Amino acid sequence: MDVNKVNTKILPVSFDYYAPSSIEELLSILKREEEIVFLAGGTDLLVKMKQRIVEPKVVVSLNRISELSFIEEKEDGLHIGAVTKLRAIERSDVVKERFPVLYCGVRAIGSVQIRNMGTIGGNLCNASPAADSAPPLMVLNAELKTIGVEGERKISINEFFVGPGKTVLRTKELLAEIKVPHLPPNSGTSFIKIARTSMDIAKINVAAMVRLENGRIGECRIALGAVAPTPMRAREAEEFLTGKEVTDENLRRAGEIVSKEIRPITDIRSTAEYRREVSKVLTYDALRIAIREAGKR
Amino acid sequence: MKKLIEFTLNGRKVRVEVEPNELLLNVLREKLYLTGTKYACGIGECGACTVLVDGEAVLSCLTLAIEVDGKNVVTIEGLAKDGKLDVIQEAFLDEGAVQCGYCIPGFILTAKALLKENPSPTEDEIREYIKGNLCRCTGYVNIVRAIKRASELIKEGEK
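Which chain is which? The protein sequence lines are P and Z, in order. Just so we're aligned: the first sequence equals residues 1 to 297 in our numbering. Just so we're aligned: the second sequence equals residues 1001 to 1159 in our numbering.
These aren't lab readings, by the way, just hints derived from the structure by calculation. Being a predicted model, the structure only gives us computed values, none of them experimental. Note that CB positions come from ideal geometry on N, CA and C, so glycine has one too. Certain hints may be false.
[Said to hold, decoys possible] Reference excerpt, derived from the structure (chain Z facing chain P, CB under 8 Å, subset only):
hint, residue
1, P1020
2, L1023
3, C1041
4, G1047
5, V1058
6, L1062
7, E1067
8, V1098
9, C1100
10, G1101
11, T1110
12, K1131
13, E1156
[To be verified] In silico DSSO-like cross-links for lysine-lysine, where the CA-CA straight-line distance does not exceed 27 Å:
hint, chain 1, residue 1, chain 2, residue 2
14, P, K48, Z, K1131
15, P, K31, Z, K1002
16, P, K9, Z, K1159
17, Z, K1003, Z, K1013
18, Z, K1148, Z, K1159
Given only the sequences and the hints, what does the whole structure look like? Please build it.
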C-alpha cells in the first residue's frame, strides 16, 4: 500500500449518507442510488475507507433500522437480525445457554468496544477468512436470509463465503437475518481460537459439533477459520468420523485429515506449516470438548 | 451535504453541523473543543479515543459523527461533577495509575462502562474488559489496581 495514502485521522473520501429507518425506505434508496456500501458497526468499513481500500459514493447506514436488530427464539431456531450488535448476542441468555458455541465465537471477537460497535452481519459480510463468528455458525448450519432490490434469498452459511472479503451477496443485496436451527438432542459443541494476543485476529479457529448415537458419533461437523481463502467445513474429516466409535485413535485421525484438508498460507500471523500442525491438535481438542458437552445433554 | 445534528454531550444538548465523512473524534476535539478524547491508532486497536455512547464504550475514531444524532455521548470531560472528580478518576490518582496520561481518558471511560455493568469485577474480568485499551507506558498493573479500588470506593460510598 502507498504509505502516503494512509491517514487514519480522517476519512479522506466524501460520500452521500443515508440512514433509513425501515427496510422499505432502505429498498427505495437501493433502487435509486449506485456505488453503495452498507455501514453497520463501521469497525471494518471505516478502517478500509481510511486506507482508501473502499471509496464509496454512497454510504447507507443500517443502524436506524430496528427491524434488522433482534434476537428471537422461535420453534425452528434462533433468529438474529444482521445488524444486531455482537455485545447484544454475547449478553443474550438464550445464546449463552442454548448456543454456547456462538457465544464463545462472538466473545472471541476484538475488544469490548469493537463488540459494542460491530454487528454479527458485519462480521460475516466482511468475509474475513478468520471471522470468529463464522465457524460456530457453520457447525450450527445457520441459514442466511438476504434482502435486496431483486427480492429475498435464503443461503446456507456453508455456501456464503467465496473468497477473502467476498460473499455470494449481489450488488444492492444485503444480509438481513441469520437463522440458527436448534441443536439435536445428545449433541455438543465447542469453539477454540488461537491468536497472538487476545485482541488479535485468529491464527486459526475451530468449531465442532458432535451428536452421539448409542455411544458412537452419529453426526459431526467441523469448521475452521484462517486456514483457507474462506472459513471452511472439514467435510472429509466429518465423513470419516460419522458412525465411528469415540476412540482417541479416531479423533486423532480426524485431526490428521483436517490438517490435509485445509489450505493455509503463511502471513504475518502464522506460517502455513504451523497452521497445518496445530490444526491437528485443535481439531482433536474441539472434538473432545464437543463430545464431553454432548454427554451432558 | 452538511447536516445539523443534535445530541446530548456530557449532559448538555449540543447542535453541530457535520459532513457525513466527519468522525466523532474530530468533531469532539476540533468543533466542540473537548480535547480529552485522544487520537492514536485511528483503526480501532488502541482504545485511546473511547467515549460512551448511550452508556456503551465505543471508539470515536471509527464512529461517524452523523451517527450519534439524537444519542447521549459522554467524554472524559463529563465525568467530574461540580468540580469533584469521579470516583474512578480519584482511584487512578490514588494508585498512581497515570504515567504519560495519553491513554487514561480511554481507560477511565472503559472502566466506567465496566463498573456500571459489573460493580465487583475480578482482576481477570478487569483485564478482559480493558484489553482494547493500550498503555504505551505499560502501566497496566496500577491501572488494574485503580479500577479495583474504584469498585471498592463505589461500594463503600453506597454503605
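Structure-based check of all given hints:
Restraint check, P1020 of chain Z versus chain P: the minimum CB separation of about 3 Å is within 8 Å; hint holds. Of the supplied interface hints, the one on L1023 of chain Z holds, with its beta-carbon coming within about 6 Å of a beta-carbon of chain P, less than 8 Å. Taking 8 Å as the C-beta cut-off, the interface hint given for C1041 of chain Z holds, the closest approach to chain P being about 7 Å. Because the smallest distance between the Cβ of G1047 of chain Z and any Cβ of chain P comes to about 6 Å, under 8 Å, the interface hint for this residue holds.
Nearest Cβ of chain P to the Cβ of V1058 of chain Z: about 5 Å, under the 8 Å cut. The hint holds. The closest approach between the C-beta of L1062 of chain Z and any C-beta of chain P is roughly 5 Å, which is under the 8 Å cut-off, so the hint is satisfied. Given hint, E1067 of chain Z at the interface with chain P, holds; its Cβ is 6 Å from that chain's nearest Cβ, closer than 8 Å. A cut of 8 Å between beta carbons decides the hint on V1098 of chain Z: the least distance to chain P is about 20 Å, and the hint is violated.
This hint is violated: C1100 of chain Z has a C-beta 20 Å from the nearest C-beta of chain P, more than the 8 Å allowed. The beta carbon of G1101 of chain Z comes no nearer than 20 Å to any beta carbon in chain P, farther than 8 Å, and the hint placing it at the interface is violated. At its closest, the beta carbon of T1110 of chain Z sits 7 Å from a beta carbon of chain P; the interface hint therefore holds under the 8 Å criterion. Taken as an interface hint, K1131 of chain Z checks out: its beta carbon lies about 5 Å from the nearest beta carbon of chain P, inside 8 Å.
For E1156 of chain Z, the shortest C-beta to C-beta distance to chain P is roughly 26 Å, which exceeds 8 Å, and the interface hint is violated. The hinted pair formed by K48 of chain P and K1131 of chain Z meets the criterion: a straight-line CA distance of about 23 Å does not exceed 27 Å. For the hint linking K31 of chain P to K1002 of chain Z, the alpha-carbon distance of about 24 Å falls within 27 Å, and the restraint holds. The straight-line distance between the Cα atoms of K9 of chain P and K1159 of chain Z is roughly 45 Å, outside the 27 Å bound, and the hint therefore fails.
This hinted pair checks out: K1003 of chain Z and K1013 of chain Z have alpha carbons roughly 16 Å apart, not beyond 27 Å. Proposed proximity of K1148 of chain Z and K1159 of chain Z is supported: the alpha carbons are some 17 Å apart, at most 27 Å.
Consistency note: the structure conflicts with the earlier hints numbered 8, 9, 10, 13 and 16.
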